[in-house]
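Asker: Numbering of the sequence shown is given in this note's numbering, commencing with residue 177 and proceeding in unit increments.
Among these hints, one or two may not hold up.
Said to hold, decoys possible - Per label pair, the in silico range of CB-to-CB distance: (1) L226 / D281: 17 to 23 Å; (2) A266 / R234: 29 to 35 Å; (3) G203 / A283: 34 to 40 Å; (4) A279 / L226: 42 to 48 Å; (5) W269 / Q198: 34 to 40 Å; (6) R179 / Y240: 32 to 38 Å; (7) G222 / G280: 35 to 41 Å; (8) D281 / V206: 34 to 40 Å; (9) R179 / A237: 30 to 36 Å; (10) G203 / A282: 36 to 42 Å; (11) R179 / T200: 31 to 37 Å.
No wet-lab data here; the hints were simulated from the structure.
If you're wondering where the values come from, they're calculated on a predicted model, not measured in any experiment.
We put the CB at the ideal spot given by N, CA and C, even for glycine.
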Amino acid sequence: MTRPSTWVAVLAALVLLAGASQLTRAGYSVDEEFTVFAVRGIQHGGLPHLPSALLYDRGLAYSYASWIAGAVTGYELPAFRALSLASAVASLWLVFAAVRRVAGDAAGLAAAAAVTLSLPFWAVATSGRFY
Numbered sequence: 177m178t179r180p181s182t183w184v185a186v187l188a189a190l191v192l193l194a195g196a197s198q199l200t201r202a203g204y205s206v207d208e209e210f211t212v213f214a215v216r217g218i219q220h221g222g223l224p225h226l227p228s229a230l231l232y233d234r235g236l237a238y239s240y241a242s243w244i245a246g247a248v249t250g251y252e253l254p255a256f257r258a259l260s261l262a263s264a265v266a267s268l269w270l271v272f273a274a275v276r277r278v279a280g281d282a283a284g285l286a287a288a289a290a291v292t293l294s295l296p297f298w299a300v301a302t303s304g305r306f307y
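Can you make the complete structure from the sequences, with help from the hints?
Answerer: The structure is reproduced here in structure tokens:
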């Protein structure tokens with residue numbers, strides 16, 4: 177019989193494949209422009225300032241992680257979206273591990289599968305935002 181963690185790995189791979197097709201889509205999703213401007217502020221002065229000079233202190237860890245992802249890849253928005261996608265995949269493993277600990281393997285697998293069917297999960301997994 178196949179181990180539940182193998183099925184979670186399959187779910188994670190499917191999320192990566194489906195999400196990867198959205199990384200380079202044209203245009204912005206809701207509020208992605210704030211991430212772009214915050215990262216540009218970090219690039220220019222070390223702090224996430226918006227063009228209005230407002231310090232954008234929401235999602236600081238995500239803004240700095242996006243800055244690093246952009247610096248490594250040389251891309252802007254696709255790199256930020258890839259960071260969200262990687263976080264989404266990690267969240268599947270976290271949900272599986274947490275629920276498995278409380279309710280067993282089958283419940284952990286069911287919970288991870290339920291997450292992958294959630295529309296809010298996909299909205300967040302494929303957008304360059306911290307939520």
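Asker: Each of the hints needs a verdict: does it hold here or not?
Answerer: A quick look at each hint next to the structure:
1. L226 / D281: 17 to 23 Å: violated, 46 Å
2. A266 / R234: 29 to 35 Å: violated, 21 Å
3. G203 / A283: 34 to 40 Å: With a Cβ separation near 39 Å, G203 and A283 satisfy 34 to 40 Å, so the hint holds.
4. A279 / L226: 42 to 48 Å: For L226 against A279, whose Cβ atoms are near 44 Å apart, the range 42 to 48 Å holds.
5. W269 / Q198: 34 to 40 Å: At roughly 21 Å between Cβ atoms, Q198 and W269 fall outside 34 to 40 Å, so the hint is violated.
6. R179 / Y240: 32 to 38 Å: With Cβ atoms ~36 Å apart, the hint holds.
7. G222 / G280: 35 to 41 Å: violated, 47 Å
8. D281 / V206: 34 to 40 Å: holds, 36 Å
9. R179 / A237: 30 to 36 Å: Holds, since R179 and A237 (Cβ atoms, about 33 Å apart) stay within the stated range.
10. G203 / A282: 36 to 42 Å: With a Cβ separation near 41 Å, G203 and A282 satisfy 36 to 42 Å, so the hint holds.
11. R179 / T200: 31 to 37 Å: holds, 34 Å
Checked against the numbered hints given earlier, this structure breaks hints 1, 2, 5, 7; the rest are met.
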